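Number of protein chains: 2
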Amino acid sequence: MASTMQTLEVSLGDRSYPIHIGQHLLSQAELILPHLKRKQVAIVSNTTVAPLYMAQLAEPLRMAGVKVIEIILPDGEAYKNTETLNLIYDALLQNRCERSTTLIALGGGVIGDMTGYAAATYLRGVPFIQIPTTLLSQVDSSVGGKTGINHPLGKNMIGAFYQPQLVLADTETLKTLPARELSAGVAEVIKYGLIRDVKFFDWLESNIVKLMALDTAVTSEAIYRSCQNKADVVAADEHETGERATLNLGHTFGHAVENAMGYGVWLHGEAVAAGTIMAADLSKRLGWLNDAEVARISKIFKAANLPIEAPKLGVDKYIDLMGLDKKVVDGKIRLVLQQGIGKSVVTSDYPAEALRQTLSL
Amino acid sequence: MASTMQTLEVSLGDRSYPIHIGQHLLSQAELILPHLKRKQVAIVSNTTVAPLYMAQLAEPLRMAGVKVIEIILPDGEAYKNTETLNLIYDALLQNRCERSTTLIALGGGVIGDMTGYAAATYLRGVPFIQIPTTLLSQVDSSVGGKTGINHPLGKNMIGAFYQPQLVLADTETLKTLPARELSAGVAEVIKYGLIRDVKFFDWLESNIVKLMALDTAVTSEAIYRSCQNKADVVAADEHETGERATLNLGHTFGHAVENAMGYGVWLHGEAVAAGTIMAADLSKRLGWLNDAEVARISKIFKAANLPIEAPKLGVDKYIDLMGLDKKVVDGKIRLVLQQGIGKSVVTSDYPAEALRQTLSL
Chain A
23 MASTMQTLEV SLGDRSYPIH IGQHLLSQAE LILPHLKRKQ VAIVSNTTVA
73 PLYMAQLAEP LRMAGVKVIE IILPDGEAYK NTETLNLIYD ALLQNRCERS
123 TTLIALGGGV IGDMTGYAAA TYLRGVPFIQ IPTTLLSQVD SSVGGKTGIN
173 HPLGKNMIGA FYQPQLVLAD TETLKTLPAR ELSAGVAEVI KYGLIRDVKF
223 FDWLESNIVK LMALDTAVTS EAIYRSCQNK ADVVAADEHE TGERATLNLG
273 HTFGHAVENA MGYGVWLHGE AVAAGTIMAA DLSKRLGWLN DAEVARISKI
323 FKAANLPIEA PKLGVDKYID LMGLDKKVVD GKIRLVLQQG IGKSVVTSDY
373 PAEALRQTLS L
Chain B
23 MASTMQTLEV SLGDRSYPIH IGQHLLSQAE LILPHLKRKQ VAIVSNTTVA
73 PLYMAQLAEP LRMAGVKVIE IILPDGEAYK NTETLNLIYD ALLQNRCERS
123 TTLIALGGGV IGDMTGYAAA TYLRGVPFIQ IPTTLLSQVD SSVGGKTGIN
173 HPLGKNMIGA FYQPQLVLAD TETLKTLPAR ELSAGVAEVI KYGLIRDVKF
223 FDWLESNIVK LMALDTAVTS EAIYRSCQNK ADVVAADEHE TGERATLNLG
273 HTFGHAVENA MGYGVWLHGE AVAAGTIMAA DLSKRLGWLN DAEVARISKI
323 FKAANLPIEA PKLGVDKYID LMGLDKKVVD GKIRLVLQQG IGKSVVTSDY
373 PAEALRQTLS L
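Line by line, the protein sequences are chains A and B. Each position in the first sequence, counted from 1, maps to that position plus 22 in this note's numbering. Each position in the second sequence, counted from 1, maps to that position plus 22 in this note's numbering.
By construction, these hints were calculated from the structure, which means they are not laboratory data. In this text, all values refer to a predicted model and were calculated from it rather than measured experimentally. Mixed in with the good hints, there may be bad ones.
One copy or two, it doesn't matter: identical chains are merged, so the pair holds either way.
Listed below are the simulated SDA-like cross-link pairs for lysine to any residue, each with C-alpha atoms no more than 20 Å apart in a straight line [claimed, not checked]:
id, residue 1, residue 2
1, K59, G147
2, K59, D259
3, K321, D254
4, K339, S370
5, K324, V90
6, K59, R356
7, K89, G345
8, K339, Q116
9, K61, I355
10, K89, L188
11, K306, E331
12, K306, V220
13, K339, L115
Can you build the whole structure from these sequences, using the hints too?
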């Protein structure tokens, strides 16, 4: 299996780690072995991904003498909760996994977030490798160390910052991804262009059709540049006090949409797309984006088959749901807004009435 | 209220924090205020401690303009679990607590461990202050950043390393402590002498009667020197890879006792005392302690009204329960043993038969 592999190093001092991006990485045990403390791993996956990729990952590891435990969870955001997390703990304890056991997340963002959180908290922390199998998780949740689960009162309310030893982004896995989920991932790719990289946005406008068709070179490049943007932000601001908050463009609106519709009805990336359009609308009302820029944003989301209209929940419901988001400081809703394409700011300095107008659309 | 206060600084770089030790510290809001990010705290306590001390702590804070949420949990090790943890999360979310809300633990080790773990994981981490009200928690769990909960398959299996902003050890709270719990705390105090501080052990032999009577000066000194010993170890080894493991003298045996008898039947300190006697017995078999040293160890535990005999569980049951402990590396049981009083080692290099003889006593 010939493969071209790109590697990005996320710089976080003694918690730095590499992200390998390319085709057919899953089954290359030699990429994983140097990162194991001892030859024991627990692979956490779900009922959708495991039948497709578990054997490709596990068999080469077993051939190399690694003891592999397989933990297969139900699939879906609805299961990103305490009960499912306990299934991971139970399996680890039943197999007497020790502090030197490495947890491997094989799946999308839900599997990555839960496995990472289990790794952060099992025996107060065990090593952890991410193998994200969706575009969204390859460009988003595999960088930045955010792990966690949902609570009935809010998304990602329980969690920890915890860095993996290694991330493998195997572009081959995207070929089995449902079209809607591919689009949802592209929403996050576009986001990096919008918040801080106008050249990347320009490049995406030229390559969006190839990206949607999973052209190998374009897909790798899009993942690499997305991860690079995110890694740059995270390296500068690991605990989300400053620039990192701009990564949440569209997310405060988007989380309200996901929460109101019930987790899993809208995909995260779909909610972020609609939320980004709302952020653009508010930015325009503040005079920070012009009509042509808003049109470019809508156009690229449309080309990625993403929703550009949020559900009409009513202004007060939006305000209420947005208030629960983590990006609240002293009771005021802070939002990520655009000041042109490729430039974003985090601010709570906008007229309340302008926000209400955006929310009433 | 006149009070003499001693302060110890735990040095952990940008996560350093002070431990204040003395009488009547609880109600001195001015000790707490400088450590708050904003004037909002959630005080977590239990049904035993809250009626005694909640008002003493909360009212001066309210007088100073702090918004105080009170979260009162059922009392006991049996409640150190996921369900009780969720009561904390629920209350924080229902009160829309944000990242700048400080959690304050008011109670013993169980409250400290659970509140610290809630602080480590709520919104991926909020600030945290410890006000330990038992001798055990003042000398043990308030230093070192260990937080967590139990799992049906083992104690403290789920957790995180997370440092508080501040610890207040108010010696007045020890006056309402049941005698058994005072003894359990003294077990940990003695431990510091045994593992690394022969002068402190000598001092304790001379002062054990005064300590059991809660003489003010002796109590403060015992807490200060215990915390100093622990802080020295932790500062050198925050994540428990080296010397820190010696703090677990008696704990591998002790956890087996606690687990077998059902959490809460034996107090932690009682189990540690019996476990320390077992460790001393094994050390003697290896020729590392002489009869006189073993007798001194037994004598001081007896003076503290602590058990010096472990329950007869049978060798295989002990081995099985000890195997689940976190101090296992590559399937071999590592133990903390004595090489004289004031010197301890962590080793798995002992004849299995010697361990079996100790366990069969």
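These are the hints, each one checked on the structure:
no.	hint	result
1	K59 <-> G147	within (13 Å within a copy, 27 Å between copies)
2	K59 <-> D259	between (28 Å within a copy, 19 Å between copies)
3	K321 <-> D254	neither (27 Å within a copy, 60 Å between copies)
4	K339 <-> S370	within (19 Å within a copy, 60 Å between copies)
5	K324 <-> V90	neither (43 Å within a copy, 48 Å between copies)
6	K59 <-> R356	between (42 Å within a copy, 18 Å between copies)
7	K89 <-> G345	between (46 Å within a copy, 18 Å between copies)
8	K339 <-> Q116	between (44 Å within a copy, 17 Å between copies)
9	K61 <-> I355	between (47 Å within a copy, 19 Å between copies)
10	K89 <-> L188	within (19 Å within a copy, 43 Å between copies)
11	K306 <-> E331	within (16 Å within a copy, 76 Å between copies)
12	K306 <-> V220	within (18 Å within a copy, 72 Å between copies)
13	K339 <-> L115	between (43 Å within a copy, 17 Å between copies)
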